[in-house]
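Asks: One letter stands for each residue in the lines below.
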Amino acid sequence: MASEAKIAETDFSFSVDRALIGHHPAIVKLRQLIDRVAQTDATVLITGESGTGKEVVAHSIHALSPRRSRPFVPVNCAAIPHDLLESEMFGHERGAFTGASGNRQGLFSMANGGTIFLDEIGEMPLALQAKLLRVLEDGVIRPVGSDRGYQVNARVIAASNNDLAAAVKKGTFREDLFYRLQVVPIILPALRERRSDIPLLVEHFLERIRARSGRTLTISRDAMVHLWSYDWPGNVRELENMVERLAIMCEGDTIDTSALPPNLVSGGRMAEVQVPDKIPEGGLNLNTLVRELEGRLINEALKQTGGNKQAAARLLGLKRTTFAAKLRRCGVIAPSVNGRETG
Amino acid sequence: MPKPNRAAQIMVVDDDPDTVTILSRYLAREGFVPVEAGSGQDCLKALQASRVDLILLDLMMPEMDGFQVVRALKNNPDTAEIPVIMITARDDIDARAEGMRLGVSDFLAKPVLRKQLVNRIHAQLEGLATARAAEDALGRFGPETHKK
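In order, the protein sequences belong to chains W and H. Each step along the first sequence adds one to the number in the working numbering, with nothing skipped, and position 192 is 192. For the working numbering, count along the second sequence from 1 and bump the result up by 1000.
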């Protein structure tokens, strides 16, 4: 479990401009916010979809703070078994539980003077949430099996990729802890919400590869357009992995469209409508799914026929009137043919 | 994600009146406030008087095409940050590349599923809401950075 406590080395030349890349207003404001928050000891709650860079932001806040020469201790609350999490965080005394053969320092003590980053905080068991709240209030750590507490000075940054507010409503996350963590809320945008930053990010990752490998690697305009058009459900991390992968696969100096995986070239547009292989736990709505599938095929038929509805109907083996009815029901905005538009 | 406390105003710019009507009707049904413009010039003129949250912009229009409109919007600091979604019957890689180069927020080729259009609109509005949330948080750290 000690591997969870990898204490990050601190880069003193750290700059937030290199950590959060982009011109989108949300990113510009977030850079300012991170710069400002770093100068304080305020508790921060970072939320964002997976791959949006929550740990990068947490580390940036630490690296820009007066605590930068002290440890940054990341803890993934979802990766540590629930019954071990308390002793990992707060330490334990010899004999506190079976197998506790010696005194052990917790991650909070290791972060003394520095920053502790509690990732996936929504996964923390309720009983431990109560203890964390107390630590946030008085700064006193009580190791498991000990009746004495001691003062620790660690700045707390928490992160969650699910909606903690919803967890509060459901009763799986303490409301008081939620508000205590949210002194400064930092919300990271999904990559599809700032699509115009994609070319800049791709260029940044390529530059890093060039600097590392000495290669003169570039990407063709058309390949860049495909990367820009894709929805990136795994966000910046997925884009970064993709650029790394393309660089490894690329034998020449230019990454071209032919090197891209097929779902990136054609499937990206259709990725929003997915037919599951299995029926999910919560069930599904067959009518909605069938309508989506119809819409998708109608859409494709219209594309192939250049918007000619009669030809599209033929392509799908439908009567023109049936096709028109389906077109209306599925909500396809068709291209105008002879100046007429159908919705 | 933080939700804005009012319905988003979305401008529909298209020289085909039928398209404008269809899109506006649909946007209204989805809870947005549609603002109609029949040409690029109309769009730019309307924006001098009032702001919108997002622009749905046709590419092929007479006199001033969609790219010219985007250039004018991006050159004006008052309108540069309004997300523009291009929606066009012309889906070739050159058109997409030009849209990307000019900094449009998204590019949709007709036929478009209405659900897809709404998803794309929501994605851009969420991005704006995130920027607002960051600005609000920044505001709590001192008046000098808080402009609202």
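There could be a bad hint or two in this list.
[Said to hold, decoys possible] Listed below are the simulated DSBU-like cross-link pairs for lysine-lysine, each with C-alpha atoms no more than 35 Å apart in a straight line:
no.	chain 1	residue 1	chain 2	residue 2
1	W	K131	H	K1074
2	W	K29	H	K1074
3	H	K1115	W	K29
4	W	K319	W	K309
5	H	K1074	W	K319
6	W	K309	H	K1115
7	H	K1074	W	K169
8	H	K1074	W	K278
Read the hints as simulated data drawn from the structure, not as lab findings. What you are looking at is a predicted structure, and each value in this text was computed from that prediction instead of being measured.
Asks: Take a quick look at whether K319 (chain W) and K309 (chain W) sit within 35 Å of each other, Cα to Cα.
Replies: Satisfied, since the Cα-Cα distance of roughly 11 Å is no more than 35 Å.
Asks: Hinted pair, alpha-carbon criterion (35 Å max): K1074 (chain H), K169 (chain W). Please report holds or violated.
Replies: Roughly 42 Å separates the two Cα atoms, so the pair is violated.
Asks: Does K1115 (chain H) sit within 35 Å of K309 (chain W), going by the straight-line distance between their CA atoms?
Replies: holds, 20 Å
Asks: Decide if the proposed pair is consistent with the structure: K1074 (chain H) and K278 (chain W), CA atoms, cutoff 35 Å inclusive.
Replies: Given that 35 Å is the threshold and the Cα spacing comes to 46 Å, the pair is violated.
Asks: So if I understand the rule, the pair passes when the alpha-carbon distance is 35 Å or less; does K1074 (chain H) with K319 (chain W) pass?
Replies: violated, 46 Å
Asks: When you check the alpha-carbon spacing of K131 (chain W) and K1074 (chain H), does it fall within 35 Å?
Replies: Violated - the C-alpha atoms of K1074 (chain H) and K131 (chain W) are around 51 Å apart, more than 35 Å.
Asks: Taking only the CA atoms, is the gap from K1115 (chain H) to K29 (chain W) under or equal to 35 Å?
Replies: Status holds; Cα separation ~30 Å.
Asks: Just to be careful, I want the Cα atoms of K29 (chain W) and K1074 (chain H) compared with a cutoff of 35 Å; is the pair within it?
Replies: Status holds; Cα separation ~19 Å.
Comparing the model with each numbered hint stated earlier shows that hints 1, 5, 7 and 8 do not hold.
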